[in-house]
Structures are given as structure tokens and as C-alpha cells.
Amino acid sequence: NAGVIQTPRHKVTGKGQEATLWCEPISGHSAVFWYRQTIVQGLEFLTYFRNQAPIDDSGMPKERFSAQMPNQSHSTLKIQSTQPQDSAVYLCASSPNTGQLYFGEGSKLTVL
Amino acid sequence: GQQVKQSSPSLTVQEGGISILNCDYENDMFDYFAWYKKYPDNSPTLLISVRSNVDKREDGRLTVFLNKSGKHFSLHITASQPEDTAVYLCAAASSSFSKLVFGQGTSLSVVP
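Protein sequence lines, in the order shown, are assigned to chains F and D.
Using my numbering, read the first sequence as starting at 17 and increasing by one per residue.
Using my numbering, read the second sequence as starting at 122 and increasing by one per residue.
Rather than coming from a laboratory, the hints here were simulated on the basis of the structure.
Ideal placement from N, C-alpha and C gives every residue a C-beta, glycine not left out.
Incorrect hints may have been included.
Interface residues of chain F toward chain D, partial, derived using beta-carbon atoms under 10 Å [unchecked claim]:
#1 Gly44
#2 Ala47
#3 Tyr64
#4 Leu117
So that you can see chain F by itself, here it is in the shape it has in the complex (with noise of 0.2 Å):
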């Protein structure tokens, strides 16, 4: 068990370009979970996906944030003309029906 995968691992972007996250879960898991993660806000909740259908997506900034899942086996998080205030830990979590997140490693954005 490979536990839940994100890529890339860093990134940095200049502002203005755009970004993309990716998330492979642990198979199995019916829910897929998208966090932000700074020092000043802690973890926010951003959006999430339930047997690949988007649930809830009321923590996602509106204008320049989306998340998809295509398939099962993974899904994206883009943000688009990205500001610095967009740098953070982006932090995936995948779960069976039981409450239990289980985290990936993260993706750590830095925007300039």
C-alpha cells in the first residue's frame, strides 16, 4: 500500500502562471480531499469528491481555483494565475466511508 501520492512534490511558479496538482488516493477509497495548509491559517478545507462526483467545493477560492476527478485513480487541483498568496502546502487526503483521512506527503507551491 502505497499510501495516497502527490505530484509534484515542490513547485514554483512565477505569478500570473498556472498551477497543477495532482493526487493518486489509495485504491479503493470512495473520497478524495483537498486542504491548504499555511502558518497563519492552519488546514483549510478547500473541496471533495465522493465516487469520483464533486460534493462540496465551498473552502475553493471561486475565480481561480478548480478541482477535478476524472477517474478514480486520481485526481487535479489547478489554480490559475497564480498570486503569492497561493503559496502553500496543498495537501491531499483520500478515505474509506469510516471519517479517517489519510494524507499525502503534500505539494508545496511557492509562488514569486
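Dock chain D against the given chain F, drawing on the hints supplied.
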């Protein structure tokens, strides 16, 4: 607003003592409560969780106490060890199938 709050950003406990970590929440609909542990440069991992139908759950040195009327839950760690030094995140959800909302975290240091 912050739905889940950890009012103490840090706590220092003597080795062998009891560590008490506290968490307050606002949403009456929360039904699932959890504590996660996070080491530096690692992702959070689940320590212990409870549903609202119990007010206490023990697992080894860990005990979760839930006070629903007071919208408060706590984690007690007995016989604290240096390896317990970490950031502890409380979290709550309206069910084990919905999004988990995290507190800001309490950094626990267990000193000799």
C-alpha cells in the same frame, strides 16, 4: 469564521505527566470528532476519533472526552513521553462522510 478552535497554540508538559489538549466547536450539527497528530515536515495522521453517541473513549494512553452541551472536546495523554512532542490537530464533521474541519493546532512539547 473559525468553526473549530484550539485556544492554546502551545503546551509544555513534564515527562510522565498528563497532557490535556482542548478544542471548542461552534456547529451544533457536528457529530464526529477526531484528533490528528502531526510531526514537522510530515502530514497529519489520525490518533483517535469518537462519535457523538459517546462522551468518552479510551485507547491506551489516549482518552477523548466529549461535552456536547458545552461544544467542547479534549484529548488526554497520560504518562507523556518525549516522542509525544508534536502538533495536535482537533477536527470535527457533521458525519463520518462529510468534510472534516480542523482547528489551528496545539504544539505539545514533552520535556524531561
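Each hint, compared with the structure:
| no. | hint | verdict |
| --- | --- | --- |
| 1 | Gly44 | violated, 16 Å |
| 2 | Ala47 | holds, 8 Å |
| 3 | Tyr64 | holds, 6 Å |
| 4 | Leu117 | holds, 6 Å |
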